[in-house]
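Those letters in the sequence shown? Residues 2 to 352, per this note's numbering, in order.
To be clear, the hints were calculated from the coordinates, so they are not data collected in a lab.
Wrong hints could be hidden among the right ones.
As the list claims (entries may be wrong) - Here are the in silico distance ranges between beta carbons for each label pair:
| # | residue 1 | residue 2 | range |
| --- | --- | --- | --- |
| 1 | P326 | P256 | 26 to 32 Å |
| 2 | D84 | T240 | 33 to 39 Å |
| 3 | R246 | A102 | 41 to 47 Å |
| 4 | V142 | T240 | 34 to 40 Å |
| 5 | A350 | P107 | 51 to 57 Å |
| 6 | A198 | T240 | 20 to 26 Å |
| 7 | G71 | R182 | 45 to 51 Å |
| 8 | V142 | A296 | 36 to 42 Å |
| 9 | R349 | A116 | 25 to 31 Å |
| 10 | D34 | E325 | 19 to 25 Å |
| 11 | P256 | P86 | 49 to 55 Å |
| 12 | P86 | S214 | 41 to 47 Å |
Ideal placement from N, C-alpha and C gives every residue a C-beta, glycine not left out.
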Amino acid sequence: CGTSVTVVDPAGVAAGASGLRAAVVQPRLWRGDEVPDAGVVADAFRWTVGWLRRERFAEFSPCGVLRVVGDERELDELRARVDNPATADLVEWVDRETASARFGIPVPFGAGWIADAGWLDVATFVRTLLAHDRIDVRPDVAPAEVDLRVLATAHAIDADFLPIEPTRGQTVAVRWPASARPRSVLSGAGYATPADAEGLGWIGSTYDRGDASAAVRDGDDERILSHFAAFAELRVALTDSNVERRFAGVRATTPDRLPYVGALPSLQRFTARFGAAIRSHAETASPSPNAWEPATLVSLAHGSRGAVTAPFAGELLAARAFGEPLPIRPDSRLRIEPARALVRSIRRASR
2 CGTSVTVVDP AGVAAGASGL RAAVVQPRLW RGDEVPDAGV VADAFRWTVG WLRRERFAEF
62 SPCGVLRVVG DERELDELRA RVDNPATADL VEWVDRETAS ARFGIPVPFG AGWIADAGWL
122 DVATFVRTLL AHDRIDVRPD VAPAEVDLRV LATAHAIDAD FLPIEPTRGQ TVAVRWPASA
182 RPRSVLSGAG YATPADAEGL GWIGSTYDRG DASAAVRDGD DERILSHFAA FAELRVALTD
242 SNVERRFAGV RATTPDRLPY VGALPSLQRF TARFGAAIRS HAETASPSPN AWEPATLVSL
302 AHGSRGAVTA PFAGELLAAR AFGEPLPIRP DSRLRIEPAR ALVRSIRRAS R
């Protein structure tokens, strides 16, 4: 029978950062001991890529991603990240010749090759997902009675206890010359994608913390292209290609680089119920996310990894709403719960 869903989007579908035409779908690599945000993103990547492939979404291009550096002094760090056993199933090291062949344009060094990664036309993908006979998209008023609300509003939420910072980003689209056409995504300080259906490759991105403007700025072109200063052949190709389009959007980021996914707690009720325990056992107290059943869930602040973490978040929230097993480790679940921000705030105040 299914469930009826109403989506309220005053700005219009894919009008914000989800209007991006090419987002890189890749994990974050790390070295040594597990980095909490990287571990969660790696798990999200595994789930999201599996889902995209199973459903055969035309908007996803699983062309592979090359993780590169532009300075030889950074090679050891990159190699250590690639060799991390925690992501051995996701990435392998390839030499310069192999990396150049897989990208289609010569690169200066070896690279990490993520075969299952690729890029996603987010704007078209969002519209595809919403084109469902049980989903009603509205520009304004939500139904008067609902069983559950899910807030997916990036950095716009009336909850001051959730620290979220707007971070502007701009990308540009170029038409690759016949002599230089990427076969996979290049990802390092910036990224470059193969041509889309219109023959345009997308190059990104700027990362302007605290900037909430979605206005396009012509002056950002050189900042974006400068990411590839060490890639001589690629730089020549970009110099020979005119910028045909620009896109700017505003990411929402958190201090720990993880999204807020889960129940939205009441500040007063949460503090009254758990505050004393957290203050008394500052190193061990972590309230269970199952301790209450609020009628509001959130999926917020996915930062630069939204193409990876947002679909995974949707699966987690759907499983939670219908009482199904969650496809996430308990420790990782606590790391993305919105309540973590309140726990940290109470701990800081008790020191």
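How the hints compare with the structure:
no.: 1; hint: P326 with P256: 26 to 32 Å; result: holds, 30 Å
no.: 2; hint: D84 with T240: 33 to 39 Å; result: holds, 35 Å
no.: 3; hint: R246 with A102: 41 to 47 Å; result: violated, 29 Å
no.: 4; hint: V142 with T240: 34 to 40 Å; result: violated, 50 Å
no.: 5; hint: A350 with P107: 51 to 57 Å; result: holds, 55 Å
no.: 6; hint: A198 with T240: 20 to 26 Å; result: holds, 25 Å
no.: 7; hint: G71 with R182: 45 to 51 Å; result: violated, 21 Å
no.: 8; hint: V142 with A296: 36 to 42 Å; result: violated, 18 Å
no.: 9; hint: R349 with A116: 25 to 31 Å; result: violated, 43 Å
no.: 10; hint: D34 with E325: 19 to 25 Å; result: violated, 32 Å
no.: 11; hint: P256 with P86: 49 to 55 Å; result: violated, 28 Å
no.: 12; hint: P86 with S214: 41 to 47 Å; result: holds, 42 Å
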